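Engineer: Listed in order, the protein sequences are those of chains R and W.
Per the working numbering, the first sequence runs over residues 1 to 347.
Per the working numbering, the second sequence runs over residues 1 to 406.
Be aware that one or more of the hints could be misleading.
As the list claims (entries may be wrong) - Sample of chain R residues at the chain W side, in silico, Cβ under 8 Å: (1) TYR19; (2) THR23; (3) ASN82; (4) MET85; (5) TYR266; (6) PHE288; (7) LEU336; (8) GLY337; (9) GLN342.
Claimed, not checked - Pairs of lysine to aspartate or glutamate, DMTMM-like flavour, derived with a Cα cap of 20 Å: (10) W:LYS42 <-> R:ASP303; (11) R:LYS30 <-> W:ASP295; (12) W:LYS93 <-> R:GLU107; (13) W:LYS60 <-> W:ASP24; (14) R:LYS269 <-> W:GLU133; (15) W:LYS370 <-> R:GLU192; (16) W:LYS93 <-> R:ASP303.
These are computed hints drawn from the structure, not numbers from a lab.
The structure presented is a predicted model; accordingly, all values stated were derived computationally and were not measured.
Glycine included, C-beta positions come from ideal geometry on N, C-alpha and C.
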Amino acid sequence: MAANPATESSLDLSWLDLYEDATSAEPGKKGLTLKEINLGRYADTARGAGDMTYRMRGAIPRPGAQRFGPNYQSKADVWAENCLMLYEEATQRQWSSARDIPWDTLEPLPDELERAMCQLATMLTEVEFIAGDVPGQWMPFVSAQDFEAGLFLMTQIMDEARHTDVFRKRALANGGGLLAQGAGLGLRTLIEARDFTEMSVLMHVQAEGFVQSMFRMGELIGQTEADKRIFRMSAQDESRHLAFGVMHLKYVLDTEPERREEIHHYLDKAEGDAAGGGSGDVTFPPVFEALCILLGGGVDKFDEGLQKFLLLRKRQINEYVHRLTVAGLGDRRQRLGPLMAQFLDPA
Amino acid sequence: MSTGEALARAAQAAQVEIPQEARDRARELGWEDGLIELALAKGHSLQVIWQALRGGVDGKRAKEFLQGGQAAIPRDLSWMHVPTEWGIRARPKDPAMGLTIADLMIGTYGDVPDIWTNRSEIARGSYPNPVVEDMGYTIFEKALVWADCCIPLYEEAIRDRWVSATDLNWNSLEPLPHDIERAVCQFMTEHSERAYVAGALWSGWLPEISYGFIELKLFLSTVIYDLARHSEAFRKRALANGGGLGLQAPTDFSRVAREARSFPELAAILFVQDSMLYTLFSRGDEFAQNQLERDLYRLVARDRKRMLDYHIERLKHMLFKLPDRRDEQNLYFNKAESRMGKEWLDPAVSEPLAILLGGGVDNIARGREKLRELRKAQVDNYLEHLRQATFIRKHINGRLEQAAQA
Chain R
1 MAANPATESS LDLSWLDLYE DATSAEPGKK GLTLKEINLG RYADTARGAG
51 DMTYRMRGAI PRPGAQRFGP NYQSKADVWA ENCLMLYEEA TQRQWSSARD
101 IPWDTLEPLP DELERAMCQL ATMLTEVEFI AGDVPGQWMP FVSAQDFEAG
151 LFLMTQIMDE ARHTDVFRKR ALANGGGLLA QGAGLGLRTL IEARDFTEMS
201 VLMHVQAEGF VQSMFRMGEL IGQTEADKRI FRMSAQDESR HLAFGVMHLK
251 YVLDTEPERR EEIHHYLDKA EGDAAGGGSG DVTFPPVFEA LCILLGGGVD
301 KFDEGLQKFL LLRKRQINEY VHRLTVAGLG DRRQRLGPLM AQFLDPA
Chain W
1 MSTGEALARA AQAAQVEIPQ EARDRARELG WEDGLIELAL AKGHSLQVIW
51 QALRGGVDGK RAKEFLQGGQ AAIPRDLSWM HVPTEWGIRA RPKDPAMGLT
101 IADLMIGTYG DVPDIWTNRS EIARGSYPNP VVEDMGYTIF EKALVWADCC
151 IPLYEEAIRD RWVSATDLNW NSLEPLPHDI ERAVCQFMTE HSERAYVAGA
201 LWSGWLPEIS YGFIELKLFL STVIYDLARH SEAFRKRALA NGGGLGLQAP
251 TDFSRVAREA RSFPELAAIL FVQDSMLYTL FSRGDEFAQN QLERDLYRLV
301 ARDRKRMLDY HIERLKHMLF KLPDRRDEQN LYFNKAESRM GKEWLDPAVS
351 EPLAILLGGG VDNIARGREK LRELRKAQVD NYLEHLRQAT FIRKHINGRL
401 EQAAQA
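Working from the sequences, and respecting the hints, build out all of it.
Structural biologist: Structure representation (structure tokens):
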């Protein structure tokens, strides 16, 4: 008779055979990504009820596990169908503000242009600082049943750190410095959010959407190759954050349509407050003036810059409404705050 | 027609609703009733009118402009001349590392104050707006959070980034004996959860820390990102070779970290875990079953080393600046050691490691002997890490001592 090691050595081994199915995820074209391991009883579609612990989805519940305090129990509260893909994309596309920006291409600029760029960088380093704090605030409440959403938020924290640092670097790299603090940028609405979906629609969709539309005009705003690269690289990251927000909103509206009016309320507040500019408001006077100078090419071309600024604002608003429409909130068009509605193209 | 004209006409055509905020602001600035409507009728867009209002154009100037005079958009450009330090030209000290945040620590921009007083999200070194809302930060004291090493560690973390999906050779995995594979999977289940919890906990403290310590916040962001990657990499390994996720991790230690009421308490508690895990993963070759696991543990240990470096220097700095808080730290270490000792005795924690160290259930006695050596090394190194932080822990918690010898 074979020896029973569990008995002979006082082994417990109760953990050894808690499951019978064998899982062998295989790498795909992009390696072994979260998509490849999202299978069987480990898949998001097999998600069970949460238990207020941090038990990873698919792990066997531990008898006597202690609760950690409230976290979101419903998948719709935090989920976006693209979060697996976005997480892996984020890990693949991390970049270095130290080495991936051609700092050596910076050249002395006319004083007014350098000051305008530094003012914009001052505002952006401030905005991105909050954009890192906000997902951090919500991480403890994201259940490990939906851990991919949590992983994505952790990549966003990293992205925003890099943005905070790259704009600070830009302000201090070309003979300038930081200038006036932003105020009334609408950032308080992000940190005031009391619900994940509220936070996501205001930060991911609205604020990061506005920033993204601006970054995509970086070829016009940037005065040097380094500036343009900063905007391009940052826009790449913002696209992920925005995509998460749009798909999270879509998931909520698809699965909990009764929340539609509640979400409108959050947007009513954000569009109405912050001087009507929304979260990440670029109409704050120093930012507005700096953008007009950069877009025009100097103080003496302020009026040309103003016309381009209005185009930027138009682009921001129309892309914002388009994104909301994609998410299923197309009726926002009829409720848009007046300072935004003036720029809206006909449907 | 110019773009501006087109936009202006479009605004007119749309019969723009004038927001109450604009009317209120116009009243504050002494604009006569009907002046906004007049501006709209003259083809100015609401946005331009709003910019004038935000910029403080008073009623007299607005009226003069609309009667055919000067620019309505204020161009005082006062932000161009705020008294911040100007003329900064940061350059890379080490071309291989590029332009690092260490290179930005020049002039007044390099001053990290002992006490940061601004309650807004102002960027350190920029010119403060006199009237701003309180953003709710609670950590304003450098001694609680700061370590000089966070500056180089931030850039090193970015330089050393890796990707679990493609930097590990998943195709190299080969079937393992049942007991070994199950032990690997149980180990991975535990550590996937531990990393996720630690990432969530650090994340939750980020919004508490004010901008005065921006470099520290940047570094913590890399820690959070590292922990995300550890969590998913361990999960991937559990699901890649014929096993699965096992029993969830014990909750004792993570709960005590979650219970921390201050940043220094959290840091002290995680000091214990991060020191122990650094030693564990840096000795990963002893329990790795294949090259993939060796690579994984080596990468994780490298990341953990940065966390540990931060812990040591932060504690050392805090004890130097706040010597009256030295004894208090014993309370946190004791609590954390106690929970860790309890978890080390948990069969789902100790047995998988013993099986992996011994080479199978049949060699469990040998595995336990090796585990005792490993636990001793973890405790010895932990005490040494504390010593490096100038903290002498005279007696470790009895439960941990007992668990290390079990």
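Engineer: Please go over all the hints and tell whether each is borne out by the structure.
Structural biologist: Do the hints match the structure? See the list:
no.: 1; hint: TYR19; verdict: holds (5 Å)
no.: 2; hint: THR23; verdict: holds (5 Å)
no.: 3; hint: ASN82; verdict: violated (16 Å)
no.: 4; hint: MET85; verdict: violated (11 Å)
no.: 5; hint: TYR266; verdict: violated (18 Å)
no.: 6; hint: PHE288; verdict: holds (6 Å)
no.: 7; hint: LEU336; verdict: violated (10 Å)
no.: 8; hint: GLY337; verdict: holds (7 Å)
no.: 9; hint: GLN342; verdict: holds (5 Å)
no.: 10; hint: W:LYS42 <-> R:ASP303; verdict: holds (17 Å)
no.: 11; hint: R:LYS30 <-> W:ASP295; verdict: holds (19 Å)
no.: 12; hint: W:LYS93 <-> R:GLU107; verdict: holds (19 Å)
no.: 13; hint: W:LYS60 <-> W:ASP24; verdict: holds (17 Å)
no.: 14; hint: R:LYS269 <-> W:GLU133; verdict: holds (17 Å)
no.: 15; hint: W:LYS370 <-> R:GLU192; verdict: violated (52 Å)
no.: 16; hint: W:LYS93 <-> R:ASP303; verdict: violated (41 Å)
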